[in-house]
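Enquirer: In case you want the letters, here they are:
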Amino acid sequence: MSNSNTNSSALINDHQIGSFGNYHNKEKSELLTVKELTNLSIYQIAKFKSSNANVDSVIINGLNLPKKYPDVSYNNDTRILWNGPDICMVVSSDLSIKEKLSPINDDDFAVTDISHSRAIIEISGLHAIDVLKKGTPLNLNNSEFTKNNCANSSYNGISFMLDFIDDQPLTFRLFCLRSFGGSFYHSITDSALEYGFIGE
Amino acid sequence: MLEIKCPYCGKRSQNEFAYGGDATVKRPNLGEEVSTKDWDDFVYYRDNPRGKHTEYWHHVSGCRQWFKASRDTATHEIFNTSSLEEEI
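Same order as they appear, the protein sequences are chains A and B. According to the numbering used here, the first sequence is numbered sequentially starting from 1. According to the numbering used here, the second sequence is numbered sequentially starting from 201.
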């Protein structure tokens, strides 16, 4: 049985290492960084419609499940993203996260390993938000969407999940269905060419 | 571009939604004798009103929840949205 993380790259035929686009005569700090993350486990937790369980009773790695858009519960190695009413996505670099999910009552919640079903791109740099604005209709202005927020939306028609990781430097994680990974990656990197980016 | 207020996520672009049809149509009750005409009306026949209309929408690129919207079919103004359980 394979590991329950995204170690097998979804972008192996697409992601390239190097400098691309308008990177000439620019400092590294001015450029965007685009990388694929392959070391994360992803689990979806969905409460059954018929269940009366209290979502507050679920604690994973010391974190409660977020209860409304656009909340994220987080610590150093785990982030729990609000995905819909009583539906969350646990994203973790903790290799023992599977064991930490096992106490969840499966009469009340469906816990599904979706680690292999996503391509994950992390984009960071001054212009990361400008790259996103080129393709998504989400309102990414400061008043609406801030650090440690998440949202589902579409980018050039491809459904994806956006996780705002940090604002110093601007860093976002983008999750899309694995089969759309190549198209999504090229959409993102085409938008990033204008600013210049480093593929890591 | 229309902005639609998802009851769970707030205002979002129409791009993220899919239209789901007339929300006023009632499925014939299970276990009861249903005439062919009633099935035809339920499955095929729809009104085509000009003006205020209650519809299903799906936030397909967002929280993936179905909800109801009250929309003017002539002006596209959206008056209100609600979850399926709520009265609109």
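No lab work stands behind these hints, which were simulated from the structure alone. Treat the hints loosely; a few may be bogus.
[To be verified] Using C-beta positions, here's what the derived DEER-type ranges look like:
1. A/L95 with B/E233: 42 to 48 Å
2. B/R264 with A/S102: 22 to 28 Å
3. A/H186 with B/A218: 38 to 44 Å
4. A/G62 with B/H276: 22 to 28 Å
5. B/L202 with A/P169: 31 to 37 Å
[Claimed, not checked] In silico DSSO-like links for lysine-lysine, alpha-carbon gap of 27 Å or less:
6. A/K134 with B/K211
7. A/K28 with A/K100
8. B/K205 with A/K134
9. B/K226 with A/K67
10. A/K67 with B/K211
11. A/K133 with A/K68
12. A/K49 with B/K226
13. B/K252 with A/K67
14. B/K226 with A/K68
15. B/K252 with A/K49
16. B/K252 with A/K133
17. B/K211 with A/K68
18. B/K226 with A/K147
[Stated by the list, open to error] From the derived model, a few chain A residues whose C-beta atoms are all more than 10 Å from chain B:
19. D56
20. N64
21. I87
22. E99
23. D108
24. E122
25. K134
26. L138
27. S143
28. N148
29. S154
30. L193
31. E194
Just so you know, even glycine gets a beta-carbon here, dropped at the ideal spot from N, CA and C.
Enquirer: Each hint should be assessed against the structure and marked as holding or not.
Expert: Consistency of the hints with the structure:
A C-beta distance of roughly 59 Å is found between A/L95 and B/E233, which places it outside the suggested range of 42 to 48 Å. The hint said 22 to 28 Å for the Cβ distance between B/R264 and A/S102, and at roughly 26 Å that hint holds. Restraint check, A/H186 to B/A218: a C-beta distance of roughly 25 Å breaks the suggested window 38 to 44 Å. Hint check: A/G62 to B/H276, Cβ distance near 47 Å, so the stated range 22 to 28 Å is violated.
Taken as a hint, the range 31 to 37 Å holds for the pair B/L202 and A/P169, whose Cβ atoms sit roughly 35 Å apart. A hinted pair counts as satisfied when its Cα atoms are at most 27 Å apart, and A/K134 with B/K211 qualifies at roughly 19 Å. Only pairs whose Cα atoms come within 27 Å are accepted, and A/K28 paired with A/K100 is rejected, the gap being roughly 39 Å. Restraint check for B/K205 and A/K134: satisfied, since their Cα atoms lie roughly 22 Å apart, inside the 27 Å limit.
At most 27 Å may separate the alpha-carbon atoms for a hinted pair to count; B/K226 and A/K67 exceed this at roughly 32 Å. A distance of roughly 18 Å separates the Cα atoms of A/K67 and B/K211; the hinted pair therefore holds under the 27 Å criterion. Distance restraint check for A/K133 and A/K68: the Cα-Cα separation of roughly 23 Å lies within the 27 Å cut-off, and the hinted pair is therefore satisfied. Restraint check for A/K49 and B/K226: the C-alpha separation of about 22 Å stays at or below 27 Å, so the hint holds.
Taking the CA atoms of B/K252 and A/K67, the gap is near 33 Å; set against the 27 Å cutoff, the hint is violated. A threshold of 27 Å between alpha carbons decides the hint, and for B/K226 with A/K68 the separation of about 31 Å lies outside it, so the pair is violated. About 31 Å separates the Cα atoms of B/K252 and A/K49, which puts this hinted pair outside 27 Å; it is violated. Proximity of B/K252 to A/K133 is assessed by CA-CA distance (about 33 Å); at most 27 Å being required, the pair is judged violated.
Between the alpha carbons of B/K211 and A/K68 the distance comes to roughly 14 Å, so the proposed pair stays at or under 27 Å and holds. Taking the CA atoms of B/K226 and A/K147, the gap is near 44 Å; set against the 27 Å cutoff, the hint is violated. The Cβ of A/D56 sits about 19 Å from the closest Cβ of chain B, beyond the 10 Å cut-off, so the non-interface label holds. At roughly 18 Å from the closest C-beta of chain B, the C-beta of A/N64 stays outside 10 Å, upholding its exclusion from the interface.
Under the 10 Å C-beta cut-off, the non-interface status given to A/I87 relative to chain B is violated; the minimum distance is some 8 Å. With a least CB separation of 29 Å from chain B, A/E99 remains clear of the 10 Å interface cut-off, as annotated. With a minimum CB-CB distance of about 19 Å to chain B, A/D108 clears the 10 Å threshold, and the non-interface call stands. No beta-carbon of chain B comes within 10 Å of the beta-carbon of A/E122; the shortest separation is about 21 Å.
No Cβ of chain B comes within 10 Å of the Cβ of A/K134; the nearest lies about 14 Å off, and the non-interface call holds. The claim that A/L138 is not at the interface with chain B is violated, since a C-beta of that chain comes within 10 Å of its own (minimum 8 Å). Distance check on A/S143: its Cβ is at least 12 Å (rounded) from any Cβ of chain B, clearing the 10 Å threshold; non-interface status holds. A cut-off of 10 Å between C-beta atoms confirms that A/N148 is not in contact with chain B; the least separation is 17 Å.
Not every beta carbon of chain B lies more than 10 Å from that of A/S154, the smallest distance being close to 4 Å; the non-interface claim is violated. For A/L193, the shortest C-beta to C-beta distance to chain B comes to about 23 Å, beyond the 10 Å cut-off, and the non-interface label holds. In this structure A/E194 is separated from chain B by more than 10 Å, as the shortest Cβ-Cβ distance comes to about 22 Å.
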